[in-house]
Every structure is written in structure tokens, then in C-alpha cells.
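> Between the sequences and the hints, there should be enough to build the whole structure, so can you do that?
Residue-level listing of the chains:
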Amino acid sequence: MDDTSWITETLDLVATGALRTIALAATSVIVSVACGVLLGVLLCLPNGRWSTPARGILTAYLQVFRGLPVLVTLFIVFFVSPSLGVQLASFPAAVVGLSLWGSANVMEVVRGAVRSIPTAQSEAASALGFGWTSVMRWVVLPQAIKRMLPPVVNLIVDLIQATTLASLIGVVEVLQRSRQAVEYYQLSEGDGHATPIFAAVLLLFFLICYPLTLLAKRIERRITTPGRPPSSSLPAAEPAPASTVHADPANR
Amino acid sequence: MMTPAAFTNLAAFEYADVLWTGLLMTLQISLIGMAGSVVVGLAGAAAITLRVPVLSQAIRMYVEIIRNTPLLVQVFFLFFVAPPLGLTLSAYAVGCISLIAWGGAYNVENFRAGLDAVGPRYQEGARALGFSRFRTFVHVTAPIGVRLSIPGLTNTLISVLKNSALMLGIGLAELTFVVQKLSADTFRTVELYVLLGVVYLVLVLLLSSFMHLIGRRYALAGGV
Numbered sequence: 001m002d003d004t005s006w007i008t009e010t011l012d013l014v015a016t017g018a019l020r021t022i023a024l025a026a027t028s029v030i031v032s033v034a035c036g037v038l039l040g041v042l043l044c045l046p047n048g049r050w051s052t053p054a055r056g057i058l059t060a061y062l063q064v065f066r067g068l069p070v071l072v073t074l075f076i077v078f079f080v081s082p083s084l085g086v087q088l089a090s091f092p093a094a095v096v097g098l099s100l101w102g103s104a105n106v107m108e109v110v111r112g113a114v115r116s117i118p119t120a121q122s123e124a125a126s127a128l129g130f131g132w133t134s135v136m137r138w139v140v141l142p143q144a145i146k147r148m149l150p151p152v153v154n155l156i157v158d159l160i161q162a163t164t165l166a167s168l169i170g171v172v173e174v175l176q177r178s179r180q181a182v183e184y185y186q187l188s189e190g191d192g193h194a195t196p197i198f199a200a201v202l203l204l205f206f207l208i209c210y211p212l213t214l215l216a217k218r219i220e221r222r223i224t225t226p227g228r229p230p231s232s233s234l235p236a237a238e239p240a241p242a243s244t245v246h247a248d249p250a251n252r
Numbered sequence: 253m254m255t256p257a258a259f260t261n262l263a264a265f266e267y268a269d270v271l272w273t274g275l276l277m278t279l280q281i282s283l284i285g286m287a288g289s290v291v292v293g294l295a296g297a298a299a300i301t302l303r304v305p306v307l308s309q310a311i312r313m314y315v316e317i318i319r320n321t322p323l324l325v326q327v328f329f330l331f332f333v334a335p336p337l338g339l340t341l342s343a344y345a346v347g348c349i350s351l352i353a354w355g356g357a358y359n360v361e362n363f364r365a366g367l368d369a370v371g372p373r374y375q376e377g378a379r380a381l382g383f384s385r386f387r388t389f390v391h392v393t394a395p396i397g398v399r400l401s402i403p404g405l406t407n408t409l410i411s412v413l414k415n416s417a418l419m420l421g422i423g424l425a426e427l428t429f430v431v432q433k434l435s436a437d438t439f440r441t442v443e444l445y446v447l448l449g450v451v452y453l454v455l456v457l458l459l460s461s462f463m464h465l466i467g468r469r470y471a472l473a474g475g476v
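Residue numbers (this note's numbering), protein chains in the order written: chain A, 1 to 252; chain B, 253 to 476.
Since the hints were derived computationally from the structure, they do not count as laboratory data. This one's a predicted model, so the numbers in the text were calculated from it and none came from an experiment. Note that CB positions come from ideal geometry on N, CA and C, so glycine has one too. Take the hints with a grain of salt, since some may be wrong.
[Stated by the list, open to error] A partial selection of chain A residues facing chain B, derived with a Cβ cut-off under 8 Å: (1) V64; (2) L68; (3) F75; (4) S83; (5) V86; (6) T164; (7) F198.
Here you go:
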């Protein structure tokens, strides 16, 4: 314990892992939100010759990837893809796996938010001659986007936390690096310094995630309309879909 | 054409006994995790709602820490930190404790949201009839609030079930661990992982249908 050189060594090691974590989180968040919003809007298409089966496929996608544990999705992408002829390295496999899960959750958020806009809005726009795209673009989405923000921020927090699962398919991110450090010191010094190292990783994630959680709460408070009771965070007890989707951050 | 022989050649049948032990372990730690997290969640939400000094602040802190750090890191922390403190926790114990602690934090929030949503007129009514603050909570607020929390609770319980897969990281032989090991040994990757995915989807579906039934059985007649 008198020698503290392990601290700087570990910091160096873990810092490279942290960069990897940030890259993974950023890529997955961008892909998840982009794909999720696009697919989520498609999920709201009115009945039609090809839109009905398309919606069926999208719903199946949503159900499957929200139903599977993220870890299992990662394993399926990483271990099964070679058998199907696609060899993915661990980092891209992690991005794909996390994005499948993330986009499915964003889709659900988008669908909930769009449904929470009273149908009178889109009916009025249609009566004025707006097509489906214009109704979405100019009337529904501008209102829905506000309601999407809190659950999407919560989802980003979950995605950031889920990046640690990538260590189990061999991405050398912050958790993997810290495990390597603990193992190394365990072997070389007989003391792995596990407590301070893992505590530091917990602290790192807390410092990133807690401000985002507070941000989500603050946005949610701000958009809660005066007419609605302040208990809008109550999951699904009232027919307010925006709060239903908010109940989901636990769902990973 | 699927002949009976081809059917029994499926990995699911060939390794049925190993897969079965994995499934049992998954179910076991998930059920312990779910039950424990409901208890922790109820106790925590009660302490916050009754504004128990010190305890309610401590519970808030616990909730924020758990919710804003990754479960897998919590698992490793518990697994590697205990030995230097003189405790040796098995992977099984770490699995149960971390699932209870994780689900418990989310359930504190679920139950608290439900309890908060109980209209003040119920509490006022009870107080006017001479119920103490504690008895108002036990006999009026909690029975209504817990029912209102069922949708959020369902999400958390499903997540506890799914997150039991993370215990593979500390070498607990649950279903995902067993499948990973089997596929490494037998190279029957596609079959085994498709099976794994289907099993989790079925388990999640069963659990959510069960919770839906409970929600219907205990639905409030008039709304709040």
C-alpha cells in the first residue's frame, strides 16, 4: 500500500479504455436514435397495401429486440454472424447489437409520443389538404418531439451503461481495461486493488449518467402541461402515452 | 423433411439436461431477484413516502447510485471487493444480491410514483376518520398506490429476468453461460443461440402476461 505507482499506471490503462467506451457509446447512440426515429415514424403509417405488412415486420423487430436481453443480442450478433457469412469484429458487433436494442426502444418512444398527440390535430391538417408526410412533418412531429425528449435521454443513459456489456464480447473498453488492471496487480503484487479501481469505474459512469438523468427530469417537468397532475411520471396508470414510455428506462 | 431422427439431433434435445440446469439457475436467481427487489422497493418507497428522517435521504442516494451506474460494474465490484473485506461471496450470492439491489432501486421509484399518485382526498379522508399517519399509509395509501405501480413494476421485473444473463460475467452457470460454453464446445452456434433467444422471449412473454393478469385482478374499480 506504500507504493502508489499503480495508480498512475492504472489511470493510463483505464483512460484508453474510457476512450473506447466513449466511441462505442457515441456511435451506438447516434445510430440508435437515427434508425429508431425513422423506423418509429414508419410504424405510424396509415393502413395501406404495403404499409400494413411493413408495420407488421417493424412491430416484430421492436418486440424481439426489446424482449431479448441486450447481452444475448450482442452474443447473437457476435457469435452467429460468422455462420451467416459476415465476420464482424467485436467493436462493430457491439455497435450493431447495442443499436438493434436501442433503435427498438427509440421506436417505441416515437410511437408512444406520436400516439399521444390528439388525432384532431392530424385530422384537421388532413382536412386542410396536407398529405401524410406533411401532417407528420409540420403538425404531429413538432409536438411529439418534446414528449420524446425525456425518455430518449433516459435511453441514452441506459445505452451508455449497456456499453459495459461489450466487454463480454471482447471490446477493450473501460470495464475490460480495469479488469485487466486488477488481474495484473493481483498476479504481480498479490493485491489487485479491486476496490479503488472498480469504485473509480462506478464513479466515472455516475458522473456521466447522473447529469443526464437530471436533465431528463428537468425536461419532463418543463413539458408537463399545467392541466396535467404533477404525477405524470406515473407509469401507464393514466392514459398518457408519453409517461408510459417514460416508465421504460428500466427495460433493458 | 424433418424426420424423427433429425429432430432428436437438434442441440436442444442432445444437450437438454445441461440446458435445463442452466434454465433452472436463470429462473432461480431471477425469482429471488424479483421477490427481493419487490421487498426492497416497497420498504424504500414506504420510508420515502412516510418521510422517515435520514433513512429516506439514504434511500434516495442508493436509488440514484444504482440507477446511474452499470449493473455489470456493480456485479464486478461486489464480486471482487468482498474478499479483501474478509467475506467470500459465491457467484450465486453475488448474482442474487446484485439483482435484488438493482431491481430494488428501480422498484423504489416505481412504488414511489404509484404512492405519489394516490389523490390527497384519500389520505385526508382517512385522517378525518382518525387514522394515524402510519395507519393511513398502511390501510389507504399503500393498497391504492401499489396497484397503480403495477405497470412500472412489470417493466422492472422483466428487466431483472433479462439482466440475470449478466451473471455470466462472474461465471455463474445460468442459461446464457451454458449456451455460450456449449456452442464453444460443439460449434452448433446458430441453433443454440436461436434457442437461447426464443427461450428468453418466451420467458419475458410469460412474465408480462402473468403481470397483466395480476394487474387486471387487482384493478381499481373507479380509478383514482
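> Run through the hints listed earlier and report the numbers of any the structure violates, in increasing order.
5
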